[in-house]
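Trainee: The hints should help you fit chains B, C and D with the ligands onto chain A, whose structure is shown.
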Amino acid sequence: MTSSPAPIPGLTARDYKSEVKPVWCPGCGDFSVLSAITKALAELKLPPEKVSVISGIGCSSRMPAYMNSYGFHGVHGRAVALATGLKLSRPDLTVLVTGGDGDGFSIGGNHFLHACRRNVDMTYIVMDNQVYGMTKGQPSPTTEPDWDSALSPGGTGLRPFHPLVIALASGANFIARGFSGDPNGTARLIVDAIRTPGFSFVEVLSPCVTFREDQRGWKKIVRPAPVDPTEDIGRAARRLMTDDGFNLGILYTGKRKPYQLRLDAVEEEPAALETQFVV
Amino acid sequence: MTSSPAPIPGLTARDYKSEVKPVWCPGCGDFSVLSAITKALAELKLPPEKVSVISGIGCSSRMPAYMNSYGFHGVHGRAVALATGLKLSRPDLTVLVTGGDGDGFSIGGNHFLHACRRNVDMTYIVMDNQVYGMTKGQPSPTTEPDWDSALSPGGTGLRPFHPLVIALASGANFIARGFSGDPNGTARLIVDAIRTPGFSFVEVLSPCVTFREDQRGWKKIVRPAPVDPTEDIGRAARRLMTDDGFNLGILYTGKRKPYQLRLDAVEEEPAALETQFVV
Amino acid sequence: MTAKDDETPSLSIALTGSGGAGVITAGNMLLDAAAKAGCYGLFARSSGPQIRGGEAAAMVRLAKEPVAAPGDVFDILIAIDWHNIDRFAVELPLSTESLVIADPSQGEVPEVIAASGARIAELPLKDLAKTVAKGRPNMIALGVVAGLIGLPDEVADEVMARALKKRGDEALAASRDAFALGVEAAGTMSFDGPDLWTRAATRERWIINGNEAAGLGAVRGGVRFVAAYPITPATDLLEWMALNLQRLGGALVQAEDELASINMIIGASYGGTPALTATSGPGLALMSESLGLAVASEVPVVVVDVMRGGPSTGIPTKSEQSDLNIALFGLHGDAPHLVLAPTSVSDCVFTTQWAVTLAEALQSPAIVLSDQLLGQTRAIVDRPTDIAFVSQRVTADAGAGEVRRYALAGGGVSPMAIPGAPGAQYTADGLEHDERGLPSSRAGDHVTQLDKRAAKLDGFDYGNHWAEIEGDGRRAVVAWGSSTGAVREALARLGSRGHEFRLVSPRLLAPAQPARWTEALEGVERALVVELNHSAQFYRYLKGYCDPPCPVDVYHRPGPLPLRVGELVAEIEKWSRS
Amino acid sequence: MTAKDDETPSLSIALTGSGGAGVITAGNMLLDAAAKAGCYGLFARSSGPQIRGGEAAAMVRLAKEPVAAPGDVFDILIAIDWHNIDRFAVELPLSTESLVIADPSQGEVPEVIAASGARIAELPLKDLAKTVAKGRPNMIALGVVAGLIGLPDEVADEVMARALKKRGDEALAASRDAFALGVEAAGTMSFDGPDLWTRAATRERWIINGNEAAGLGAVRGGVRFVAAYPITPATDLLEWMALNLQRLGGALVQAEDELASINMIIGASYGGTPALTATSGPGLALMSESLGLAVASEVPVVVVDVMRGGPSTGIPTKSEQSDLNIALFGLHGDAPHLVLAPTSVSDCVFTTQWAVTLAEALQSPAIVLSDQLLGQTRAIVDRPTDIAFVSQRVTADAGAGEVRRYALAGGGVSPMAIPGAPGAQYTADGLEHDERGLPSSRAGDHVTQLDKRAAKLDGFDYGNHWAEIEGDGRRAVVAWGSSTGAVREALARLGSRGHEFRLVSPRLLAPAQPARWTEALEGVERALVVELNHSAQFYRYLKGYCDPPCPVDVYHRPGPLPLRVGELVAEIEKWSRS
Ligand SMILES: Cc1ncc(C[n+]2csc(CCOP(=O)(O)OP(=O)(O)O)c2C)c(N)n1
Ligand SMILES: Cc1ncc(C[n+]2csc(CCOP(=O)(O)OP(=O)(O)O)c2C)c(N)n1
Ligand code: SF4
Ligand code: SF4
Ligand SMILES: [Mg+2]
Ligand SMILES: [Mg+2]
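In order, the protein sequences belong to chains A, B, C and D. The working numbering puts the first sequence at residues 1 to 279. The working numbering puts the second sequence at residues 1 to 279. The working numbering puts the third sequence at residues 1 to 578. The working numbering puts the fourth sequence at residues 1 to 578.
The hints are simulated quantities; they were obtained by calculation from the structure and are not laboratory data. You may find that some hints are simply not true.
Unchecked claim - Computed cross-link-like contacts, DSS-like style, restricted to lysine-lysine with a CA-CA straight-line distance of at most 27 Å: (1) K255(A) x K45(A); (2) K543(C) x K126(D); (3) K452(C) x K166(D); (4) K574(D) x K543(D); (5) K136(B) x K165(D); (6) K543(C) x K165(D); (7) K130(C) x K166(C); (8) K21(A) x K45(A); (9) K166(D) x K136(B); (10) K165(C) x K136(A); (11) K136(A) x K220(A); (12) K136(B) x K257(B); (13) K257(A) x K45(A); (14) K165(C) x K134(C); (15) K136(A) x K166(C); (16) K165(C) x K126(C); (17) K134(D) x K166(D); (18) K45(B) x K220(B); (19) K543(C) x K574(C); (20) K45(B) x K136(B).
Claimed, not checked - Computed list of chain A residues with no C-beta within reach of chain B, every gap over 12 Å: (21) F31; (22) N68; (23) P145; (24) T196; (25) R212; (26) K220; (27) P224; (28) I233; (29) A271; (30) L273; (31) V278.
Note that the structure is predicted; figures quoted are calculated from it, not measured. Where is the CB? At the ideal position from N, CA and C, for every residue including glycine.
Here chain A stands alone, though its shape is the one from the complex:
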């Protein structure tokens, strides 16, 4: 973790925000995540045009439009794949993926698994509110089994999906948890996530004040993880397996080499390939 960000000359968080007014409900945690991301970018002094923010569909996935970087608001669940194509072909860009727990862990679960494994250098920020906000309140993979809703009266009865454990098990290189109520701390996590080469995963607990009123109580439960970041995957596993979901901070940071394509190979023209066909 880097030290507290010093005041930045030049670029400020404001420079990374667009003029568009978010559609989010008043009080939605995602506002603070937007702040955290833009603060992190300001800290890193990245030129806005060299940043691309990719998302799927959901309240949280609206993020790109609120930023003054390049953005892609794609289809539900496929943002990580789209971002992979972008980053592999444009290694010079800083690529962020932003989205929700439904987008990333339900419909997008397979891409999440394979992105962790592939370890392309990007940062994936999931605003976890344990609900489908945009479609008005259905359980997501991270929802508690007994949360009542119209689609699952009485609760799903399903064990919640543990994103950090899955990220670790499938190979993510940087794993952290933030809380929207702490935009400065979250900004620091994002700075580190971007700085760490490879696939960085940041879960941000971001309350849905409309469909999960109860999450307003999160601010009382979250706490800094009582441990240092570790590089030891075994220790991280043990730690995460018993984690209650409210420990904040960097929970794992590895040293795997990011996956890159060899795009700077011999520059031949297509005509050079023709000899293989000549009779």
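Mentor: The following block gives chains B, C and D with the ligands in isolation, referenced to the frame of chain A:
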């Protein structure tokens, strides 16, 4: 683990085999997996018509046609979802899913994740040959990073996917590894997998003799896991994280209640629902 | 304003306000009360992209006869505030005869509204509300509307009492007082509308929306298993199913994605349980590979596509009829299947029930093309009749000798063994197969199975249900799905002006019915297709597959604005002079 | 057998045997040698469902002129064994003039073969092979064929030397000896075929299959990024790309599934790199939701669909033209895009290159409909000319003031900013949006953007590339994709009998080109569509979208058997008398 199966009066493995000749290459590991499954069913004395074997696409996914049970040879990667619908609506059936590492962990990865989490009572047998056999030799998620092939010249450079770790992390209730070279041992694992309520995952190392000649050497490497089956998820995690992929046996067996639908609720007629609309 | 002589006597009322102003609540109560007072009507809502706190409009149309389309203009617009009115003013057409009621504390009447020339009446809704303990402007607005249109007091009271039961006596009293203030204020305004309250209901009436109606049709058809993934505007259909299936011994499973949901229902149906999913365009697209599996393996399933604006994520909360192409042709290979479209909110019951029955009888996937307009419009309708279809799934008897799952008998419908039946085991397969279901790449097997799967659909007798055909003119107007309502009313209006038209609205869209089409258009000189999409999808389909016996023209435009009766009257008149 | 007078002088030779017998190797060598000897030809293979060890047939056709379809009957069939011959005998038509060479040690000539009345010559291939150290029957068979057809010795030798270079001198010697034994044996048989070796090549000749050709076209068009998931019969295209892109500074990524591959290429293209994926029917179905995203967000991408037998998993190793519907209509909503079809193996170069260029210029997804027949047939062709298309992606200049990503200029093509360009930032969106790309559900924005996306495709000048039009008869035959070759040859044969026909083979299938169609069919009395699918997909499309100026009929049937020239000659003759 149950004790060695005693000779079974009545039903024998043969009774679970169909007349159809497999398309598999001579020497393919999948022949022995067929034997192991049919032996297991004979041991359990399940009436063939009460067993359904569901698969996707791949050499290994051809399994259902070679069995004398009900079967469904669906599309690539979706077998587990299809089986989920079947088992949830027909809890009286014994449902097996059979397939390959590409089918289950590449295109089918999301259903695998969510099936482990959902914990419906079925047994998923993956014939892992660390290659796409049917499409003639491309790397799968379990392939080593340096395995050379036409589609990935010089190797993918990717960290292999660890199916057992993912199964554990996402909530499977029974996790075991078998080897096609040991059909009796594998049959025993399958018996236990079927007997254990909830989602049981059995990875069977099953060499592809055509595209992975080197896997003929597996028989010299595999060994019974030097440990007892555990119910402790933490211990299992530590064990699996350091596992080299060749330990055979039951590696985890949990006690989570399987997910079931309440289908035996009040038997009303649709007409009873109409009152809600009456002006 | 009274309707013109040739118009269905009806009243259109809009209530607008920002999120939290409660206009949707008031609109629903207005419809409920009107239903109790014996009239027909519709309630549709429009809201902004915000999940909460955005602007909203409640759009109610009340009439003596059943109506299925919005009115041409709003007779009354009552605005609690003008929040973002620019964004949806286009959805609220007004004329010089309209009455706009505005709260002067919310600023001037915006130009987009004033420009209509509507009469403006000022009413300090907010201040009035403050005069009542816990009073809210929306209840005052409801009272104003009730007063203006002459809604009998007792029904409004009954509806308020029911709606606010849970909120306690204090809330009810506040609403009653506010309502009364509104009625009183209405007394100071002049408004002259048709009397809609005289006609007593002779048949049982329901208030239902198309999503609920489709759900009811599904369970009437036998559906007891639903797997689905939420998506607007299909989610409320799913939520209705989740709650109501429980009472029937059925259940809904929330799947991880649409690839899973379609496969789950294929699995359930293969196991013998009639199964359904509902989705919208993006989800339907994800299901297309596995719909092909259902075709090839001959497993009945039903997919209700509640269409919204496309392409891609498009306009999720608004209606369009632009998924016809993907429903007809979105499967790879030659993959014949059923496509149906309900012709009205209440027909969602019939068409969905019929779709389930056909899917089961023909061992085929069926896609039902509903849309946001049908799905989310609450309508007052006569109770839909309960039809008991006779056809059902043909199952293989256990132990009746060798069972050939894909035998070429029964006009292409082969008996289907259900897991558990001894001696009838087989493997359902998406690979091409022979009659026994064994994989085959032989040309002979391929052509016989392709023929079989097409023949079973083409050869079935769909009877008169395939379309609604009304009237007898030399000119015909062809509509499908939710467009039918507006076209029907437009033709009635034109009919009362002495122009007779035939209405042809097919409920069965695929397989194509060239012979029935020709018959339906017999004696017609010229036909006009009307549909709500950009590329005239049904028109193209008709020409390509049905060899219509007369020249066919088309009037089409994309959503999100619904087709209006007046718009269609003008277009059809213009066309009929051509 | 010499060809009938009106037939293209050609020779068709089949080698069959069980897996490991090496018939595919021999067939490839035969084609290579024939090419060196200056003739044209084709090589197609057929194999059973087994991955290894199954039966196989190598089917070679050699001719003086370029040919694009299999011959009507095989002149020579040489069987190393009769393994599973029942399964694919239907792919090996014979006549009484055919010569069948059989090894008596492999049992009697099977009834399916003998019934043709072909001449049978016995040759103990297996025993002969034993007389040579490490000799193999397939090389003897190759020698027999070479001897019978008079293939110049030196070319065979050259090809053997090259093919066996890696296996060492001993292997080469064994092959040479076995080959010589075969040639010697041929001397004892009578066979009278056309002399194909006189014509020296005047232009550079290539041996290439359609998958390689599409790959080459793609890289010529500028593609430098490929993401894909393996699927038969597209995998070899991908493998060609994986290897060859490396040399051009590009790369291929194996994705976890087709949902990922289409999104990866959308991402790469959004970043400025022309990008492509290849798949077959099941994979295309999975891509359809995200193809809609590419339409709405206006990102160019190319998808090559190497079609196979459908529906569902169907017949993965055999050809069919049954994905036209899904390619045209498989996207939800109104989603105009490009669909193209190469008309021959070598045209796969041109059409794929053109598809990339059009996609880039029009900021649209393009689907290229190749098929197993084109993709996996190795053909001897004249070197495809290298075309430099002028149009390309219009990018936004950095800092040139306000950039409206979806501005309504340039006939619908708005300049596209590439990430990294300062001051031009925008968000690409699948939600309906306004000109700036901001989400909008306004009716006005929806209709303008729908109009824009349709107009940019409809208004583009596709020039003469849109179709191949040949001949000038009053009757026209319309073919598309791989059917073109067989139709062209059938029309030539009919032409030499004095019947003149026009051939119309559109390369651009969507957007529909009604005006060009009308022009192409000008003066035509009647047209016949020929295609290889069960539901006459192109025929229906033509009628629905193009208002053909003359009556149109159709001859269509499903795969897996390819259309044969003789079959078409008979059908077209019958039709032309109708
Ligand atoms: C293919 C597809 N299926 C379903 C949807 C509907 N949908 C939109 S957002 C969403 C879930 C959003 O939940 P989450 O990702 O947690 O985001 P949140 O709104 O909670 O921030 C769903 C199901 C869709 N747009 N596309
Ligand atoms: C949607 C889709 N994509 C791709 C394919 C092609 N395909 C068939 S089997 C297969 C992979 C098989 O690998 P695996 O599951 O490991 O099975 P194996 O053959 O090795 O037993 C692929 C990619 C397909 N049938 N469908
Ligand atoms: S619904 Fe929930 S997640 Fe969506 S904007 Fe509102 S508070 Fe945020
Ligand atoms: S290719 Fe490999 S996996 Fe497939 S049948 Fe042959 S040996 Fe088995
Ligand atoms: Mg969420
Ligand atoms: Mg495999």
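Trainee: Going through the earlier hints one by one, which of them does the structure break, listed in rising order?
Mentor: 2, 3, 6, 12, 18, 20, 23 and 28
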